[in-house]
Structure formats: C-alpha cells, structure tokens
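> Work out the full structure: start from the sequences and follow the hints.
What follows is each chain in one-letter form.
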Amino acid sequence: MDFVNTLVQGVMLGGLYALFAAGLSLMFGVMRMVNLAHGDLAVAAAYLVVVLLGSSFLPLWLVILIALPLFALIGYATQRGLFSRSLKAGPLSTLLVTFGLSIIVQNGLLQAFSADTRTIDFGALNTGAFRLGPISVSYLGLLTLALAVAVIAGVQLFPSRTRTGRMMRAVSDDADTASLVGANSRHLYAIATAIAFGTVALAGIMSGARSSFDPSMGPAQLIFAFEAVVIGGLGSLGGTLAGGAVLGLTQAFAAQIDPSSTLLAGHLVFLAVLAFRPQGLIPQRAV
Amino acid sequence: MTLLEVQGLDVHHGQLHAVRDFSLAVDAGQTVAVIGANGAGKSTLMRAIAGSHSPTRGSITINGADVTRMPAHQRMRAGICLVPEGRRLFKSLTVEENLDTGAYRAAAGPWNVDAVMELFPWMRERANQNSASLSGGQQQAVAIGRALIGNPKILLIDELSLGLAPAVVKQMYALLPDIVASGTAVLVVEQDVSQALAAADTVHCLLEGRDVLSGKPADLSRARIEQAYFGLTSASGQTVGKGH
Amino acid sequence: MTTLEHLPFHAAVVRSGKAPKATGGLLAAAVVILAALPYVAFTGATSAMVTFFVLLIMASMWNLLAGFGGMVSVGQQAYVGVGAYTVLAFANLGMHPFLALPLAALTCAVFAIPTSWLAFRLRGDYFAVGTWVIAEVYRLVIIRFDSLGGANGKSLPGLSGMDPVLRGALTYWAALAIAALTVTGCYLLMRGRTGLALTAVRDDETAARANGVGVTWSKRLVYLVSAAGCGAAGGILIIDSLSVQPNAIFSVQWSAYMIFIVILGGIGYLEGPLLGAIVFFVLQQLLAGYGSWYLIILGLIGVAGAVWLPHGLWGTITRTTGLQLFPVGYLLRTEPVTGKTAGKTTSPKRRIGSST
Chain A
22 MDFVNTLVQG VMLGGLYALF AAGLSLMFGV MRMVNLAHGD LAVAAAYLVV
72 VLLGSSFLPL WLVILIALPL FALIGYATQR GLFSRSLKAG PLSTLLVTFG
122 LSIIVQNGLL QAFSADTRTI DFGALNTGAF RLGPISVSYL GLLTLALAVA
172 VIAGVQLFPS RTRTGRMMRA VSDDADTASL VGANSRHLYA IATAIAFGTV
222 ALAGIMSGAR SSFDPSMGPA QLIFAFEAVV IGGLGSLGGT LAGGAVLGLT
272 QAFAAQIDPS STLLAGHLVF LAVLAFRPQG LIPQRAV
Chain B
53 MTLLEVQGLD VHHGQLHAVR DFSLAVDAGQ TVAVIGANGA GKSTLMRAIA
103 GSHSPTRGSI TINGADVTRM PAHQRMRAGI CLVPEGRRLF KSLTVEENLD
153 TGAYRAAAGP WNVDAVMELF PWMRERANQN SASLSGGQQQ AVAIGRALIG
203 NPKILLIDEL SLGLAPAVVK QMYALLPDIV ASGTAVLVVE QDVSQALAAA
253 DTVHCLLEGR DVLSGKPADL SRARIEQAYF GLTSASGQTV GKGH
Chain C
101 MTTLEHLPFH AAVVRSGKAP KATGGLLAAA VVILAALPYV AFTGATSAMV
151 TFFVLLIMAS MWNLLAGFGG MVSVGQQAYV GVGAYTVLAF ANLGMHPFLA
201 LPLAALTCAV FAIPTSWLAF RLRGDYFAVG TWVIAEVYRL VIIRFDSLGG
251 ANGKSLPGLS GMDPVLRGAL TYWAALAIAA LTVTGCYLLM RGRTGLALTA
301 VRDDETAARA NGVGVTWSKR LVYLVSAAGC GAAGGILIID SLSVQPNAIF
351 SVQWSAYMIF IVILGGIGYL EGPLLGAIVF FVLQQLLAGY GSWYLIILGL
401 IGVAGAVWLP HGLWGTITRT TGLQLFPVGY LLRTEPVTGK TAGKTTSPKR
451 RIGSST
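Heads up: the protein sequence lines correspond to chains A, B and C, in order.
If you read the first sequence in the numbering used here, its first letter stands for residue 22, the second for the next number, and so on.
If you read the second sequence in the numbering used here, its first letter stands for residue 53, the second for the next number, and so on.
If you read the third sequence in the numbering used here, its first letter stands for residue 101, the second for the next number, and so on.
Worth double-checking, as some hints may not be accurate.
[Stated by the list, open to error] Calculated cross-link-like contacts (lysine to any residue; reagent style SDA-like; alpha-carbon spacing at most 20 Å):
| hint | chain 1 | residue 1 | chain 2 | residue 2 |
| --- | --- | --- | --- | --- |
| 1 | A | LYS109 | C | LEU400 |
| 2 | B | LYS205 | B | GLY91 |
| 3 | B | LYS143 | A | ASP197 |
Worth flagging that the hints you see were computed from the coordinates, not collected in a lab.
Next comes the structure, spelled out in structure tokens:
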C-alpha cells in the first residue's frame, strides 16, 4: 500500500511543480524569455502572505485575493518598465536582468526576514487529510493539484479562446506586423507577464503552506519548474502537467528508497529526458 | 477632400537616405499608386506612413490631424492600415484567427470577418487551417482581408502583385474597385507598372527615394514613365531624377 | 556608377599591428611587477590579489563562453567545484596540491565533454537553466562521497606543514600565472580560426553552418577551455582557503560574479573582464561589510548595466575612442589615390568583423 500512497503523494507534488511551471512556460511561449527570478517571486509572495496574515485581522482568503492581483500588477509594471527595455536590447540582456532581479529579490528577502524558515498557516488545511481506503490524501495537496489543472487549463485556453490571447500569439509571431492591426506589443507582453507573476505567486503560497520556506529557496523552485517544462516538452502546457507529475513521482519514490537522493533523482530524470527524448514527453507548440 | 497628406517626407534607413522630400495626397474614394524599381524606397515610404518606421523630416496627416509621430499601433485607430510586403500572416494562427486580429482595434464600418469571407468564399472551408498552408495568392487575400476588417479610411498595400501568378494578380486588382466602393481609399505600391496604371487615379514614380514623375495615368506617356522608372537619360539629354 | 576597380582609394584588409605589441609589452611588464609583489607587500595584500585573479580567470572564461561563443551559462560553478574537489582528491592520494592544479583544469575539460553533449541540446535561455541543473547534479553527486567530506566539506591535506608566507606567495604566483595564461589564451584563441568561426556563429549560426564553419566543434572547444579555466580557478580557491564546502564552492554566486564582471566590463571584448574585475574588486572591498545589501547593490548595478550600458564600460570606451588593447577583428585600411603621393594613410579606417 506504500506504493499507492507514494504514487498519490508524487502526483500531488507534481501538481505543485506544474503550478510553478505554468508561468515560466507562458512567458517563454509569448516572449521567448526565461525569468530566472521566477522562483524568488514565488518565495516573495509566500512572505507577503505571512506578513499580511501576521499584521492584520484579514482572513486568509482575502489575503490571497490581495496578493495575487498585486503580483499580477507588479508583473505588468516589471514588464513595461524593465523587461521591455531588456527585450529590446537582446536575449542576453533579458537573461541578465532577470538574474539580477533574482539576486535582488533573494537578498532583499534575506535582509527583511532573516534566514529563518516560515510556513503559511492555512489552519486545518495545513495538516488535514481524508482517508481513501488505506491511503491518506491531504486536502492541501488535492487543492494544489486542482489549482494546477485549472491554472494550466486557463493558461492554455486563454491564448486560443480570447481575442486578447490571440493578439498575444500574433505579437509573439511578429510584433511589427501585429502593430499594424493595432496591437501594442508592450501592453500584450505585460499582460502575459502579469498572468505569469500571478500564477507563480499562487504557486509560492501553496508551496509555503505545504512546507517551510526561507529566502534561499527561490532557485530550487525555478529549477523544479524548469525541469517540469523540459520533461513535458517545450511550449506544451499539457506536457508541463505531465512533466510536473513525472518529477513529483520520481522525487516521491526516490525519497522512499533513500531520502538523501530525492533531488538528485529528479535532476537525473531531467537529464535522461534531455539525452534520450529532448523534445519532451508531449511535444507540441501550444502558445 | 484630402484624406491622407504626406508633405516633404524624408526617411532614413540606417545610413541610407531612402525617401527624399516626398509629398503625396490621397482623396477619399481615390486609388493612388506609387511605382518604382526594386530599392526605390517604396516600402520604406509605406512603412513610414503606417508608423513602422519613423521619418526624419516632413509630416503625415490624416483628415488634417497630424500623425507623424504617432506609434504604429495607434494609427489603426486613426484610419491607416498597411498590408505589409510579403503578406506577413501570423504563422501560428489559423486563417480565421488571422482575419480576427484585424478586428482587435477596428473602427465601425462595413467590413468584418463574415464580409471578407463573403468576398473570398474559399476562406470558409479553410477557416481552421494554419495560414502557412495557403498559396501565395490566398495569403495575400487573407492579408488584405485582415487589414480591411479594421475598416481603415485608407488601405495601404505594399507590393500587391509580388510573387503572385499573373492570373492571381489580375484577380487581386479586380478587388480594388469593390474596396474603394465600400468607402476606403487605396494607396498601392507596385513594381508591376501596367497593373498600377490601369487601376490608379494618380500615379507617383519613385526613383532613388525621389518623386520623379506624377500625374494621372492618362496624361503620362509610356516613354516618360519608362524613363522615370529606370532613371534613363531622356532624348533632350537631361537625366531624369538622377540627383545626388 | 562606381565599380570596385574605380574606387578612389586603395583598400587592404589588415590586422592592426601596433596595439597588440604595445599591449603585450605593457601586460608583460604588469605581470613582472605583480610577480614581485610578494617580496614587497604584506601577505594580506597578496591574499586579496588572489581573489582578484580568481575573479579575473572566471570572468575571462565566462566572457569566452557567452561573449564569443554565445553560450550564456549560469552553471560554470560546476567546474569551479569539480576543480576544487579534483585538487582535494589528488591531495588525498598524496600529491602536492599545487601540482594538482593542472590536473584540476584537465579533469574539468574531460568532464565537460559529456556535459556539453547534454547541455548543447538546449538553446539560449534554456541552456542557461540547464547548465545550472547540471551544476546541481555535480554537487549532489560529490556530496555522496564520504572520502571527499560529504555534505560538510573537508580541509585540504598536504599544505599544513608549509610556511604560511611561502604558501601565500606560491598561491599568489599560481593565481597570477593562471590569470595571465587565461587572458593570453583567450586572445590567441579569438585571434585564430576559432575566433573567426565563433564570430560568424554568434552573428548568424545558420549562415555560418552553410559556409562550412564547424559550428558545434568551435562551440565545444570554447566550452571545454572555459571549463578548464574555471576548474583551475576552483583549484586556487581550495588551496587559498585550505578547505572546501560543497554548498559554497558549487554556489550559483560564482556565476553571478562572472556575469556581473563581464557585463560591467563589456561582454564580447577581451578587455572587458579585466576592467570589470578591477571595478568589481574595488566594489567588493568597499561594500564587503554590508552583508546582503552588498549583493542587492550588485544586482541593481547588474540590471542597470544590462539595460542601459549593454556594451559595458570597455565597450563604451572603445566605441567613443576607438581604443583597443586586444584587437581580434580586422581593419579595412584605405588610402586615397592621389597620384604619386599614394602611401599616406589619411582616410578613415573602418573596422570589419570586429567584436561587438
């Protein structure tokens, strides 16, 4: 029964990774950029929730409802003010800007909150679980998985089902021509970044409720998100969900066998995919 | 009434002075053609009018309102829409989605996705096909449709005939009267002189960025146009438009 | 119409000759003076200079990789770590740590072969994150060896009996020698066929491939050289600190430093890392007491530099003055045909194939 239990835990962990990866995948799909500060933003969102919960009497759901749009807004402003400039200067510049941002956010958090670990208090949800026969399913893990599926479905459908989403694809194809039909590429890119920042904030909050975090965790979150994207197949959001599941399952089973090999096993699966199936598990151009 | 007015326009392309002191006026309901050989500066001129390329000097007005410094994505609202050289359809979008991008910032008017599909019935069957799978002529039709759906006051078409079979070129030019009849003026850039002369009310001939000859097609002799087009020396010993 | 035969001037493609000779003399003199430093300065000064040389080596290697090879890596700390652990491993076997330095470079080059095979499957930004993952894998594998100290690290045997002053001086000389070798090596590499090939690849990979440039081979060569250089730097680090801690030696911070120095100095210019390392070194000395503020400020300068000073300090200098210490491009030297007086170079020179 341990096997089934690990399977369930692995899939739920994979849901969290997929949630992290959705924004990364969207930004790469639309702007061909990887935001190296992605993981640090997630950690920052978790801290924001901790601070808001600690310093006010606001209920948790309201705090989250404040945090997500706030991060989306920060994303919009960061794209318009910073990334749009670096994108004009070239891909190298963008990479460096996001790397610099990662260092700034990470050390800013360290300065503000010290290296102590924190957790987000979700009340009963933190530890609550129900039993399904012999296996125990945590409410939080299930909620995270449901959110991941919803977010990925949303991020998948938005570019194909809405006019703004279609314009986003048009701008991504050919910004110059898109401007001829009235598309302001800076605005549309900023919307994509806003969505990415909002979803990664959600991922950071869910992760912060699941396990403790500290300011140095950002790069690890980025790497897990990245591995989920590559294992699943670049540009394929459905693949990202599968990639997250593969990564989560690998880590869960490796932890069963030897807890110290958890991270290494995940990385090795990633390298194996890179070596033997570089197009990913579900290759497809979605965004 | 003058719809589009370009006055004393200078456009640089890096070090190259691509358009020199160029002026032109298009009235509502008119079709105006700019002809010239490869590299004469026609595309640069069109891109400057559409806002993709910033001019160094001169002014562009639409219905009297100055749009010279307006960014490209706002000019759609001002009533200018360009069909770019080489069609430039969005390759990850289907035919219908490509047309729909035209509606993103469209003005009110007779054109919409349905009206364009009425004009080109084959588009209905291929609505969900990827635009890259179309032939050159079909792509040109989608590009024109995409621009029309914005209901521009003036439609700019860069190289309508480029890369198309002669029969298809004929079909494309046969469309122009319909477009003009719907209330949209047309400014077309061409290398194919005879098509342009047949379709246009006024013709400008561009040579090395200068307007070397302009007028109504009926008033211009074949020989003068050829001289202007190729920059040949005329019988009187004068070089037409060869200026440095 | 002007045709090529009727150009109003003679044109010849030449390599500018004087600047490298002058630079070579200047640098040789600098190396000699620096080599004499342990005889005149305190150990503290030479120890700080070791840090400077390590930064210069790493930055030159990253510049070679990203600025010339177009491969933006965030995972060069893999080789810093492997280099340090190679020295440790050979010292464990009884070898003198200083003698293990060349082996550290060699080991990294060997490790870089299978690594490049994996990493080269990724392009652009994905390459960057991919190399980061690979560096993590190296760290996670190495901490599984108890003989190398596991997750806690280990101190370096074999040097404890040596006189600290002599050890300091030897470390300093070794760092200086490797730094000089690195800078000269980059120059020679970029001046030769590989440099030309890489410039072509960086400008347009498809066109370069079509013209018969050995794209993958050139990139792999640069990747191996860069790994070897970082490995030697890692070796210096463990000899300098006499111990190694896996999380510190495999820290992504090394990549941050490399990137920061190269961007600040000027990416794609051989002079860039040198100037950048000097500025970074000064900043580090000034801000070292400010804890994480120091890194925040570095991050801010890096972001600002990447956006507003894309050519870095050296790029800005060379674009305004035309000054070059290590010209790897070519000059089109033109001379006007003025009857019999042809021979004076009065007309403007235009650089082609230059590094930008």
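> Indicate, hint by hint, whether the structure satisfies it.
For each hint, the structure was consulted:
A hinted pair counts as satisfied when its Cα atoms are at most 20 Å apart, and A:LYS109 with C:LEU400 qualifies at roughly 19 Å. For the given pair, B:LYS205 sits about 28 Å from B:GLY91 by alpha-carbon distance, which is inconsistent with the 20 Å threshold. Distance restraint check for B:LYS143 and A:ASP197: the Cα-Cα separation of roughly 14 Å lies within the 20 Å cut-off, and the hinted pair is therefore satisfied.
In terms of the numbered hints stated before, the structure departs from hint 2 and from no other.
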